[in-house]
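Enquirer: Chain by chain, the residues run as shown.
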Amino acid sequence: MGSRASTLLREEEIEEIKKETGFSHSQITRLYSRFTSLDKGENGTLSREDFQRIPELAINPLGDRIINAFFPEGEDQVNFRGFMRTLAHFRPIEDNEKNKDPIASEPLNSRSNKLLFAFRLYDLDRDDKISRDELLQVLRMMVGVNISDEQLGSIADRTIQEADQNGDNSISFNEFIKVGNVYILYIDIDIDI
Amino acid sequence: LLLLLDFNPFDNLLCILLGISFTVWFTLLLVFIIVPAIFGVSFGIRRLYMKTLLKIFEWATHRIERGAKDNNHLLYKPYSNAIIAKEPTSLEEEINEIRRRGSNRDLDSASEFEMSDIFYFCRRGVESIMDDEVTKRFSAEELESWNLLTRSNYNFQHISLRLTVLWGLGVVIRYGFLLPLRVTLAFTGVGLLVVLTSIIGFLPNGRMKNFLSEQVHLMCYRICVRALTAIITYHDSENKPKNGGICVANHTSPIDVIILASDGCYAMVGQIHGGLMGVIQKSMVKACPHIWFERSEVKDRHLVAKRLSDHVEDTTKLPILIFPEGTCINNTSVMMFKKGSFEIGSTVYPVAIKYDPRFGDAFWNSSQFGMVNYLLRMMSSWAIVCSVWYLPPMTREEGEDAVKFASRVKAAIARQGGLVDLLWDGGLKRGKVKDTFKEEQQKLYSKMLVGTQEDRSRS
Numbered sequence: 001m002g003s004r005a006s007t008l009l010r011e012e013e014i015e016e017i018k019k020e021t022g023f024s025h026s027q028i029t030r031l032y033s034r035f036t037s038l039d040k041g042e043n044g045t046l047s048r049e050d051f052q053r054i055p056e057l058a059i060n061p062l063g064d065r066i067i068n069a070f071f072p073e074g075e076d077q078v079n080f081r082g083f084m085r086t087l088a089h090f091r092p093i094e095d096n097e098k099n100k101d102p103i104a105s106e107p108l109n110s111r112s113n114k115l116l117f118a119f120r121l122y123d124l125d126r127d128d129k130i131s132r133d134e135l136l137q138v139l140r141m142m143v144g145v146n147i148s149d150e151q152l153g154s155i156a157d158r159t160i161q162e163a164d165q166n167g168d169n170s171i172s173f174n175e176f177i178k179v180g181n182v183y184i185l186y187i188d189i190d191i192d193i
Numbered sequence: 001l002l003l004l005l006d007f008n009p010f011d012n013l014l015c016i017l018l019g020i021s022f023t024v025w026f027t028l029l030l031v032f033i034i035v036p037a038i039f040g041v042s043f044g045i046r047r048l049y050m051k052t053l054l055k056i057f058e059w060a061t062h063r064i065e066r067g068a069k070d071n072n073h074l075l076y077k078p079y080s081n082a083i084i085a086k087e088p089t090s091l092e093e094e095i096n097e098i099r100r101r102g103s104n105r106d107l108d109s110a111s112e113f114e115m116s117d118i119f120y121f122c123r124r125g126v127e128s129i130m131d132d133e134v135t136k137r138f139s140a141e142e143l144e145s146w147n148l149l150t151r152s153n154y155n156f157q158h159i160s161l162r163l164t165v166l167w168g169l170g171v172v173i174r175y176g177f178l179l180p181l182r183v184t185l186a187f188t189g190v191g192l193l194v195v196l197t198s199i200i201g202f203l204p205n206g207r208m209k210n211f212l213s214e215q216v217h218l219m220c221y222r223i224c225v226r227a228l229t230a231i232i233t234y235h236d237s238e239n240k241p242k243n244g245g246i247c248v249a250n251h252t253s254p255i256d257v258i259i260l261a262s263d264g265c266y267a268m269v270g271q272i273h274g275g276l277m278g279v280i281q282k283s284m285v286k287a288c289p290h291i292w293f294e295r296s297e298v299k300d301r302h303l304v305a306k307r308l309s310d311h312v313e314d315t316t317k318l319p320i321l322i323f324p325e326g327t328c329i330n331n332t333s334v335m336m337f338k339k340g341s342f343e344i345g346s347t348v349y350p351v352a353i354k355y356d357p358r359f360g361d362a363f364w365n366s367s368q369f370g371m372v373n374y375l376l377r378m379m380s381s382w383a384i385v386c387s388v389w390y391l392p393p394m395t396r397e398e399g400e401d402a403v404k405f406a407s408r409v410k411a412a413i414a415r416q417g418g419l420v421d422l423l424w425d426g427g428l429k430r431g432k433v434k435d436t437f438k439e440e441q442q443k444l445y446s447k448m449l450v451g452t453q454e455d456r457s458r459s
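From first to last, the protein sequence lines are chains A and B. Under the numbering used here, the first sequence has 31 at position 31, and the numbering climbs by one with no breaks. Under the numbering used here, the second sequence has 402 at position 402, and the numbering climbs by one with no breaks.
Keep in mind that the hints were calculated from the coordinates and are not lab data. Careful: at least some of the hints might be erroneous.
Unchecked claim - Straight-line C-alpha distance at most 25 Å; calculated BS3-like pairs for lysine-lysine:
no.: 1; chain 1: A; residue 1: K19; chain 2: B; residue 2: K429
no.: 2; chain 1: B; residue 1: K434; chain 2: A; residue 2: K40
no.: 3; chain 1: B; residue 1: K429; chain 2: A; residue 2: K40
no.: 4; chain 1: B; residue 1: K299; chain 2: B; residue 2: K339
no.: 5; chain 1: B; residue 1: K432; chain 2: A; residue 2: K40
no.: 6; chain 1: B; residue 1: K299; chain 2: B; residue 2: K404
no.: 7; chain 1: B; residue 1: K136; chain 2: A; residue 2: K40
no.: 8; chain 1: A; residue 1: K18; chain 2: B; residue 2: K69
The shape of chain A in the complex, shown without the other chains (with noise of 0.2 Å):
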């Protein structure tokens, strides 16, 4: 008793995020919940290894670049608003959010912060270009062992060669999204309670 009680979220806490990621009232709740589970040492942040304990992430083969996703540049902790703020790209699009005011600031899951995130995955020094040897290290870490270096590699040259535009030999943001556009939703996550 008393640890959890004492770590309750406060209103304008749970206002803020609403305000900030879009989420409802209990979604907010039932999220923190499963933050303050998964953060065993108590402490109000979540680390690397935190989130390594969870068996269905571990065995995940983009586990560790998902992880990343969650911790900013350089940091090794995350509080529970940056939590949100990263879970929040995977909310689906709600039909009265699309004809939002233009000038206020986009939304965490629209549909260019959904494909930016997944951009992000490939492109690990944050140049905004997809190198040959990106895609190549986020293949490898889905096939394993199981296929040679050769094949890999024309793999990744036809996928650059298919998707390249202006002819760097590199996949930017733009070209991205006109592969990406398509699929992006599939990424959306419901969260029923």
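Assemble chain B onto chain A, guided by the hints.
Expert: For chain B alone, kept in the frame of chain A given last:
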């Protein structure tokens, strides 16, 4: 007595009152608890107690919810419920589904790799961050209703005077009355077990010894059951394990042993401990053959298997009781069964144990509490309510290996107990998941990429 008369007459009265109350206390104890335990009958007091408690809990939960609504507080929602609907599709199906969405092309001429393939892994990964099947099995199940124990309540703020008074009364009853009573009973039960089994050990081996040993074991376990105020409902007793068989059950706490052994006689399996446990184990084995291993012998799988199969071959010996999960799980799921006991080749009698969490959580989180702390928590709960189902016996079928047999038994137990059937190993409580699982995923995905190339070279 003459000396007492010299003192203040009030003191005298006090002594007499104390004397009378102790006598009454022990007589009640004897009549209502110990004697029925010896003969295996019950007055039904515990069930009445259970029904009363349930009504009180309902009221308490209502009161909290109403109070929270009135004051606009936020109620802590238990997080053990699944929030994402996961369809049981395979990796290949899902990735093809993504590719199909993106194009009208025939799948035959689809390229081997699409950049969108990462979306599958990405989504699965984030889903598991939001909610996964495994990590929640290693902590106590959380409930929506409140059972007047602060340890299981996360919304405890001062809602109403009546509720706080009720809770306070609960504390007094549990720690002032129930706990001492239960501790006394526990010591009685364990003490009798040690003493009587040692005495029986002196008898020559034979029918008389076995009969007496069974009666003594049953009686002492029944006293222990009352020491925990355990209210157990046994179902399908016609399927009770018989000699020469192995009884397997899902594991939630050390209390599982007491629950099963108070309704039937089993040969226990385990490691010899030091201290009080060791004393109990050594005296138990004098009366009837239990299987205790030295610490060093436990690692030797062949030795373990040999001793177990020798035991089951002797039909005069009692059925063995084993918990194949190897560790305590929180009673919402059944995790991987270790195949050792299923390799022996005798009849397996599966048993499902489901605790009712409303009265007190029975799960032993060994990383959080030690054994003594855990037992004290159990004895200061309201009651332990559980159901036991004896499932029909199962044997290994032709061509079925031990692993498949183990999963079949596990599925039957999970179905009966209303528990989730998981493939994951209970060992994940403490250890990391094996890399082979990730390699499996990688192999499946590689087949998708390379398989297409093989088809191409063929055509």
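Enquirer: Hint by hint, where does the structure go against what was stated? Just the numbers, ascending.
Expert: 1
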